[in-house]
Structure formats: structure tokens, C-alpha cells
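Q: The lines below spell out each chain.
Number of protein chains: 2
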Amino acid sequence: MAKTKIVIVGGVAAGASAAAKARRCSEEAEILILEKGPFISYANCGLPYYLSGIIPKRDHLIVVDPPFFKQRFNVEVKTGHEVLAIDRVAKTVTVRDAVRDRSFAEPYDKLILTTGSSPVIPPLAGVELPFVFTAKTLSDTDRLFRFLLERSPRRAVVIGSGLIGIETAENLVARGIETTMIARRGQLLSFLDPEMAEQVARHCEAKGLHPLVNERVAAIRQDNGRGVVETESGKAIEADLVVLAVGVRPNVTLAKEAGLTIGITGGIKVDEGMRTSDPDILAAGDCVETVHLVTGAPALLPMAAAANKGGRAAGANALGRDLRLPGATGTVIVKVFDLTVATTGLSERQAAEAGYNPFVSYVVAPHHAGYYPGAQSMQMKIIASANSGRLLGAQIVGREGVDKRIDVLACALYNRMRAEDLIHLDLAYAPPFSSARDLVIVAGALAQNYRVGDWRPITPVALRERLAAQNQNFTLLDVRTPIEVKSGVIAGARHIPVDQLRERLGELDPTRETIVYCRVGLRAYLANRILAQHGFDKLLTLSGGTAAWPYELERP
Amino acid sequence: MAKTKIVIVGGVAAGASAAAKARRCSEEAEILILEKGPFISYANCGLPYYLSGIIPKRDHLIVVDPPFFKQRFNVEVKTGHEVLAIDRVAKTVTVRDAVRDRSFAEPYDKLILTTGSSPVIPPLAGVELPFVFTAKTLSDTDRLFRFLLERSPRRAVVIGSGLIGIETAENLVARGIETTMIARRGQLLSFLDPEMAEQVARHCEAKGLHPLVNERVAAIRQDNGRGVVETESGKAIEADLVVLAVGVRPNVTLAKEAGLTIGITGGIKVDEGMRTSDPDILAAGDCVETVHLVTGAPALLPMAAAANKGGRAAGANALGRDLRLPGATGTVIVKVFDLTVATTGLSERQAAEAGYNPFVSYVVAPHHAGYYPGAQSMQMKIIASANSGRLLGAQIVGREGVDKRIDVLACALYNRMRAEDLIHLDLAYAPPFSSARDLVIVAGALAQNYRVGDWRPITPVALRERLAAQNQNFTLLDVRTPIEVKSGVIAGARHIPVDQLRERLGELDPTRETIVYCRVGLRAYLANRILAQHGFDKLLTLSGGTAAWPYELERP
Chain E
223 MAKTKIVIVG
233 GVAAGASAAA
243 KARRCSEEAE
253 ILILEKGPFI
263 SYANCGLPYY
273 LSGIIPKRDH
283 LIVVDPPFFK
293 QRFNVEVKTG
303 HEVLAIDRVA
313 KTVTVRDAVR
323 DRSFAEPYDK
333 LILTTGSSPV
343 IPPLAGVELP
353 FVFTAKTLSD
363 TDRLFRFLLE
373 RSPRRAVVIG
383 SGLIGIETAE
393 NLVARGIETT
403 MIARRGQLLS
413 FLDPEMAEQV
423 ARHCEAKGLH
433 PLVNERVAAI
443 RQDNGRGVVE
453 TESGKAIEAD
463 LVVLAVGVRP
473 NVTLAKEAGL
483 TIGITGGIKV
493 DEGMRTSDPD
503 ILAAGDCVET
513 VHLVTGAPAL
523 LPMAAAANKG
533 GRAAGANALG
543 RDLRLPGATG
553 TVIVKVFDLT
563 VATTGLSERQ
573 AAEAGYNPFV
583 SYVVAPHHAG
593 YYPGAQSMQM
603 KIIASANSGR
613 LLGAQIVGRE
623 GVDKRIDVLA
633 CALYNRMRAE
643 DLIHLDLAYA
653 PPFSSARDLV
663 IVAGALAQNY
673 RVGDWRPITP
683 VALRERLAAQ
693 NQNFTLLDVR
703 TPIEVKSGVI
713 AGARHIPVDQ
723 LRERLGELDP
733 TRETIVYCRV
743 GLRAYLANRI
753 LAQHGFDKLL
763 TLSGGTAAWP
773 YELERP
Chain X
223 MAKTKIVIVG
233 GVAAGASAAA
243 KARRCSEEAE
253 ILILEKGPFI
263 SYANCGLPYY
273 LSGIIPKRDH
283 LIVVDPPFFK
293 QRFNVEVKTG
303 HEVLAIDRVA
313 KTVTVRDAVR
323 DRSFAEPYDK
333 LILTTGSSPV
343 IPPLAGVELP
353 FVFTAKTLSD
363 TDRLFRFLLE
373 RSPRRAVVIG
383 SGLIGIETAE
393 NLVARGIETT
403 MIARRGQLLS
413 FLDPEMAEQV
423 ARHCEAKGLH
433 PLVNERVAAI
443 RQDNGRGVVE
453 TESGKAIEAD
463 LVVLAVGVRP
473 NVTLAKEAGL
483 TIGITGGIKV
493 DEGMRTSDPD
503 ILAAGDCVET
513 VHLVTGAPAL
523 LPMAAAANKG
533 GRAAGANALG
543 RDLRLPGATG
553 TVIVKVFDLT
563 VATTGLSERQ
573 AAEAGYNPFV
583 SYVVAPHHAG
593 YYPGAQSMQM
603 KIIASANSGR
613 LLGAQIVGRE
623 GVDKRIDVLA
633 CALYNRMRAE
643 DLIHLDLAYA
653 PPFSSARDLV
663 IVAGALAQNY
673 RVGDWRPITP
683 VALRERLAAQ
693 NQNFTLLDVR
703 TPIEVKSGVI
713 AGARHIPVDQ
723 LRERLGELDP
733 TRETIVYCRV
743 GLRAYLANRI
753 LAQHGFDKLL
763 TLSGGTAAWP
773 YELERP
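Protein sequence lines, in the order shown, are assigned to chains E and X. With the numbering used here as the guide, the letters of the first sequence map in order to residues 223 to 778. With the numbering used here as the guide, the letters of the second sequence map in order to residues 223 to 778.
Be aware that a few hints might be false.
Since the list can't tell identical chains apart, any single copy or any two copies may satisfy a pair.
As the list claims (entries may be wrong) - Taking lysine-lysine pairs in the DSSO-like style, the calculated list, with each CA pair at most 30 Å apart, reads:
hint	residue 1	residue 2
1	K225	K300
2	K491	K227
3	K358	K491
4	K279	K708
5	K300	K429
6	K429	K491
7	K491	K258
8	K292	K708
9	K225	K760
Source of the hints: derived by calculation from the structure; they are not laboratory data.
Here chain E stands alone, though its shape is the one from the complex (with noise of 0.2 Å):
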């Protein structure tokens, strides 16, 4: 057999994974990587860092340089080459080389696609302007950077508040420009939801980053030399700096040209070894469709980790190897300022587009025993399905010790495990690490109650459109004691702490629906038990407690 030509386009996460993991196969292939841009192979991921000096230097955010490729892998690298066309049946590519003004053809034997994801650009007037930014690139940071050195901004917009939008924003924030966040829905980070979004929206407000939800901009505008972005409710906000942070959109207007198919979430489609359509193109990274383990159905996930093995499985596949990857749960982690943000697998209300009957519970504790000095408490949304009891997500908002407990449930989730067998895992407990009683163990054994009838959960969200309604037929009862009590209450509420209830049953009415709450919900589990044997049989826990209430309080 002739030696094999490998053709990369694309040279940044997937397509530098896929021609290292080609050479390890085949010390005999040609592998060439097409890069269009300047840079390949670099940190992604901490572009944000690097704007306000987190990560001081811009040569730590480069992994590799083509030299390198050269030298360690024998991987030829072109950057400035793009890619316009693909021929399938002669199998070129057809390559625009924009620094000596030339195209040719490119030949191939496989042809493997790493054409990452765009920035959405939004279709708003004024987006040419010079101080309107994306941020996804190198090339984006870069020229951010020269205009934050040169012009020194005072006021910023970020539009958009997903994972770009808010890490952009912080580092704009840490370098003291007041930052302003505008999301078209009701909250930020679509991943979330809406009451666990709400408690980041307040964390960013108290560190200076202005989130505006429910808002959509107008337009961009230069005003007697400065920046404003207006909104369609009709706010003016100043801003020396806009950064566009919408969204991306997978790269496969190559592909799409070329025949491939697309799928229907708009992500090339390729099968569990990252093959397209046709049998010489691979593709991998951002610009494809995957599977969501918990639905089934294909999604886009553009995460770097996904980009590297799915880098990694072309790279083989394209030598004859048979490397599989079933997909992802669509996990993803945040740093919002002090604050550690998580998600893994379906949110509520995707569990319930989805067609799943959810089960919500929370669990608020800290992130090792609480006697261990600097122990930081954070809050466990768990979503599962109430008929089959399977775990379908998480989300997690919390300072230390979010990530371990996320990728904990992130495991339990790939292997379809049932939320109350949660309590079986034997994590590591030591007072500096966890408690004995951990927030993944709690959670199962919440859900083991659920599924035993010992417990009804109400969520904030639910609750809250119960005491909205007009016919408020049930008590709500707060079992805290008289001290907490003083610090707020949810408007409405009884109070009967938990250690009279036995005695004072006889001031609450058995026939009416009852809804406990405590601080974080085990004194209100307690209470509910308590009632339940005493013929209490309309009765519902406030999950979560006040502790998860993202709502005010009111004076008792």
C-alpha cells in the first residue's frame, strides 16, 4: 500500500490531537494540517485569563508551534491556508494561501475536518464598528488586548451571558472597567436554571459585573465619539468596549458545499468514530454533531475536551483504527468570580421538553465537614426522572468543591445510574476533603425518600407560583427556630420550630395541604415525617430550604 496522505483542515484543539494521534499510528503517513488562521494548537480555553493578567503571559497560552509539529511529529503545517472547496471525487482540496495570493489543489487519500465554530455575529447595526470585539480566537484576543492597552476603556458591554460572555466580562471586570452583561432571556447562562442562574446574577452584581437580562440590543452606535448600545426597551448604555458573545455556530459551509451531511442540530454529522458521510472525510471538534448520552439525540456540544478525543479518534480512524466515542453529557463548568458554576446532563426544563417527568431536589451543605475550618457552602440541584428513578442532571453553584461533585455526577450519568444509587458511591471522606455525609450521598438518599413516598419535594420556582395564586389553600410552615426566624421568613409562613411540632400539633389543620420548610430541608423532612403520622396527607417539603430560595425574604 502507498503511504497514506492525511489532510487536516483546521489546527487548533481536534486537528492537532488528530494529526499527533495519525503519526503515532503511522510513522509511513504524509499528514499535513491546513490552518487558516496564524496560529495553531493553542489554549483556547484561557484566552479570557490572558485580558486581564490572570495568565500573564501570551506565550503560555501557545501549546505548540509548527516548528514543533515538524520537528516531534513530522506533521507538516501551513497556516494562513484556507480551505475553499473540498473535491470528492478527485479528492483535493482546494487551498487559498493568502500571504503569496495563491490557490492550488491539495491532494488526499483521508480527508479529516477540524473547522472549529464561529462567533454568531448578530445581525444589529453597528457591529462593524472598531470597538465592537469577538472573542473566541487568538487573533480575537489579540486585537482586544492592543485596544484594552491603547484605549483603555472605562465602560464595557458584553452581549450575550453564556460561558464566553461571563469569563470575558470577568476579566474585563478585573481590570476595573465597569462591565455591563446584556442577555436576551430572563437569565444568564441558558445551561442553568433559572433560580440557580439567579443566585450567579446576584454574585456578579456584588462583584461589579451589571447583568441586564430580558434584554435585547437594538443597535451599536457612535455618539460624539463614544459607544453606546441602545436596547429595544430603550436603554442607552455607554460603552468604550462591546464584546459580541452570543453564541457559535459550527464551521460547515466546507462540508456543506462539499455534499457531507449535516445534521439536524446543524453540526456535521459523523458516527461514533467520527466519520462523515463519506467514507474519506473525518471530522471532529466544535463543527460536529454528537450524541447527548442522556436523550439519545444528537447535539452540539463544542467543548475543548470533546475537540482533543474526537481529534484523537480521527486521527486513528483515518489509519484503519476503529476508536469509538458515544458522545457526551454535556457537562460544562464556569468561574464566575468567587463563585464555581457546573452543570452535567439535563437541566429541569430541558428534562421536561425532553418529555421526562423531572424530580427536582436540592441539597445545600458545605464542601467539607463543617467543623474543619474554611468549610464553603454550595447548592446541588439534582434532576431525575420520577418514574424510573434515573439521575438525567445536575447543576451546581458553590465556591470550592463544585467541580469534584459535578464530575462525580458526570460519571453517574454516563453510566446511567439511578439518582438514589447515589447513596451507594464510596467517596472519599476525610474533614479536610468532604463530609461523612456528602452532597452526591445526600442526594441519593433523597431521592431513595422520593421514591419510598417518605418526601415531596416543592421547588423555589413552584412554590413561589403557589403563594402568587389567588386561592392560597394550603398552610406554609417554617420549622426553623425562633433566632433564624428573625432573619426572614417567606411571606405567608406559620412558625412551629421543629422541636414543639410533636407538642403543638393541634394548632395545624391535617385536611389542609402543608408545605415545610426549613433552612435547607432536613428538619423539614423531619417535620414532614412527623406530620405524615399523624394524618397529615397532603404535604410537600420546600427542597432546598431558605438556603435555596433565590427570592427575598420577608421581615417576620
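Following the hints, complete the assembly by docking chain X onto the known chain E.
A: Below, chain X alone, put in the same frame as chain E:
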């Protein structure tokens, strides 16, 4: 049905959990805790940190007290009440009330044994001396703490190097006490394989805790008013204070004398529902034998989290519920000064003993993106079955983020994952939390590379044995850069940097077995692949490279 009377023997972790759960299951039941000691429900695992003041107040260690239990749970607690015997026919226990100096028979419908474990007191001369302590219970800690305050000991010897030994020793060192730790085996922390323990020992020494391995204590004596610990090898170590921490043993005398089945490990035999061989007696916590979920064999795993879960199940099942616990995977974590040391599943030694053909790999990598400030390296050892690929166990020594990876691996073990499928986990990545290729993902990739035959590892222990043999019929090849080589090499290595390997293949003999190493293993793997494709077919890679090499390096 008359109300059920539940008597619980022992009120610390499992006992308190059992009582609380039983009450949540039934408001009707009569629940009595009989606790031999003066305290219930205290934070056993926090005790060592009280010795140094890291946990500043003794109150922080007390979870709840008897009046609280009465008020909150309507559970009667009798401390200072030792159960001396069980009459299974009459369904009574004989109770000794030490304070009132009387004994009485207490009837039960359901009995729950949560008698815990006790420190093993080695049969040594001198263990009764007044400066010799154990460190298991709050009472032990109170005695030891008083001694520390009153006598200000300057030198301590801790006999034993398990969890309690090492945590106690660390906190003595934190008080400025010159501390020696004596281990019978050739290493500290016997749950680790020796090469991992070696790194812990070095760290201890650097922090001022002196480990003395392969030493058996012959006697403890007092010599002109000074304590001395004598070893069988003839050493005499001065000690103002001696702590015995050679292990714990389940307290099963009561169960044994009552004729309950004791398992082969010496713990009380229980089913998944914590039921003993007597249908009216349940047991939970340190006193019971559990199932090791990797081997399926009975095991003693006396851990706090398991005690809480077991107590909960026993409390429910005493009232006719059917909660089941499948067992545990043997997860352990311990802070050792600045290190975090953790394991789950089987060690390499245990895997071999259990009849597996273990495949071992090491991953050395930073806990989060290397370019993000504060990255700290950790070393992960993965043990898998070479035959089935199943993950069998893991050990990690590092600083930050060790707890996260061990918990993910514990979840993977629970789900009986193959090691190579770890690559499929969708772990949370952002630069402050992990790497795009997290250690767990890399471990999966290594296992996959092993399965397809791209790579054969050799462990540091095995390589050292090979190097010590008379007949060194192999080439040891160092593929690091010249600068790295200057900092030390493994004795006998030839040096060809990986980036020159393709040109310098002629310098090596392809018929000779070749063992390749670099700093962590990645370049050695590439070198291995280059050599394999050029006719070298006896190839091994030193897993973990020099970073995981626990022995001295030589000047090149």
C-alpha cells in the same frame, strides 16, 4: 401491632444515624440508645485536628448531645450504659449502669448493634505507662489533649502508620513536637503500593515527621523519668509521649457471645439490609463486615461514611423497611501535611493477591491547566485487569484536586467500568479546574493504547528489579531533552532526545529489548511508537517517567 421497641447499642456514627432514621420511619416506635462511653454522635474524624488547634474548639466536635436527641427525635439516650449480654430468647439485653453501679435487663423488639471498633493494643511491655495513649475516641483525645497541655511533651513516637497514626502524628508535629512514626512494614499507609508510599514518606520527613519503617517495637519503658521506645532492631527512641495507632478491630464480643454469626474478617456478618443471623438483631458501622465491591469478597472497611449509611439502613429496616447497601469500594483519603493521599479499589498488590493479572499505569499531570496560575502536579496510579480491561483500583498522591479524581474513580469502580472507558467521561473542563485532557481521561487513553497493543508499560518497581539483575539484556533509553538529562538520569540509560530519534535510529539495536522513558511518559510513548514501526518489537515504556520514579536519579 404494639409499638416496636428499638434498642441501639452504641451511639456514635452508626447508632445515631440508626436512631434518627428509625424515628423518621415511625413516630410510634420506642427508641433507646445505650452508649457505654460519655458521649454520642461526635465527629470522630475531626479528633486529630483538635490536638493541634486546627479545630480550635472542642464544642465543634460534638454533633449532638442526648437532650437534643430527646427533643428533636424523641429518642432516649443513656450514656455510661454498657450492654454486657444479649438474651436472644427473652429478647433482652443486660445493661450495666456504671454511674449508679447497677445492672438491669432492658427488653427489645429489635436490637441494633453499633458497637464500633477499638484500637488494637499491641502486647508490648509498657503499654500501660501513663504517657502511652490511644487516639480513637473523644475520651482518648481528651486525655491526650490534657497531657499535651500539662506536660508540653517535646518528643513523641507514634506506633503505626495508618490513617489515625498519620493524622495524629501530623497534628503533633504542628504543635512543634518532634515526632517519629514507626511502621512494621517497609512503608507507611499500607493501603498504598510501596512506590506511592515512598513519596509520602519523603514528604513527611521534609515536614519534620520522621518515618521509621521495617521496625517492630519491642517495648516501651521509662528510663530515669524519660520515656523510651525500643525496637527489635535495637533502636531506642526517646519519647515524652507515645501514641498507639496500629489499627482498629471490630467490637464483636457481645455479638459473638450471643451466638450471632461472625464473618471471616472478624466483623459481624450482615446481609445487604444490615440484618445479622438473628432476624431481630441488626448491626452497622465499624463492627460489621461489608462486601468489597471490586472483589466481591467480605471486607472490613471501617469508615465513617459507611457507618452513617449502614446505621440509616439498619434504623429503617428495624421497622420493616428494606433499604439495601451493596458494599464499598475501599475508598480512603488522608491529608498528610501539604499532600493529599487517596485510594479506591485494589492496590497493585491486592489485585495480584486476588488473582487478577494487573495492568498498571501512572499519570503525572497538573491538577488544572498548566498555564493557569497555581497548577500543582499530582501522580495517579491506575490498576486494571490486563485480561478484561476492568478498572480495579487507583491511588493518587498530590496536592489540590486529588479528592476529585479519586471520587470519579470510585464512581467508575462502583459501575464496574473498564479502565479504557474512562476516556468517555464528560468531565468538567475550564482552566481553573482541570485540563482539557484531565488525568482521568489520560488514564483511559493509556488503557486503550494498552489494549490495542500500542504500548506496554513497565512500573518503576519492575524496572528497578530489571536494573538490579546481573544480566541487563536491554537498552534503557532516555528520550528527554539534554537540559532535563542534566538534572539526573536513571542509571545506565542511553540518551537520544525524542526529536532526534527518527534520524538516530541506527544507533539502536532493534533486536534488543528497549525500555524507554521521559519525564512523565508522553514522549516515551511517542518514541515507543516510532521504534515499534521501525522493527523494534521488544519495547516497554516506563510508566510515569522520571516524575513517578520513586528512587534516586544519578548524575548523567
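Q: Each of the hints needs a verdict: does it hold here or not?
A: Consistency of the hints with the structure:
Taking identical chains as interchangeable, the C-alpha atoms of K225 and K300 lie at most 30 Å apart only when both belong to the same chain, with a minimum of 20 Å there against 82 Å between chains. Proximity of K491 and K227 under a CA criterion of 30 Å is satisfied intra-copy only: 23 Å inside one chain copy versus 64 Å between copies. For a Cα distance limit of 30 Å, the shortest separation of K358 from K491 inside one copy, 23 Å, qualifies, whereas the shortest one across copies, 60 Å, does not. In this assembly of identical chains, the alpha carbons of K279 and K708 lie at most 30 Å apart only when taken from different copies (27 Å versus 51 Å within one copy).
Taking the closest pair of Cα atoms, K300 and K429 never come within 30 Å of each other, the shortest separation being 43 Å inside a single copy and 51 Å across copies. Taking CA atoms no more than 30 Å apart as the test, K429 paired with K491 passes in neither setting, with 42 Å inside one copy and 56 Å between copies. Taking the shortest Cα distances, K491 and K258 sit within 30 Å of each other inside one copy (22 Å), while across copies they are farther apart (67 Å). For the identical chains of this complex, K292 and K708 are inter-copy neighbours only, at 25 Å across copies versus 69 Å inside a copy, given an alpha-carbon limit of 30 Å.
For the identical chains of this complex, K225 and K760 are inter-copy neighbours only, at 25 Å across copies versus 73 Å inside a copy, given an alpha-carbon limit of 30 Å.
Hint violations for this structure: numbers 5 and 6, all remaining hints satisfied.
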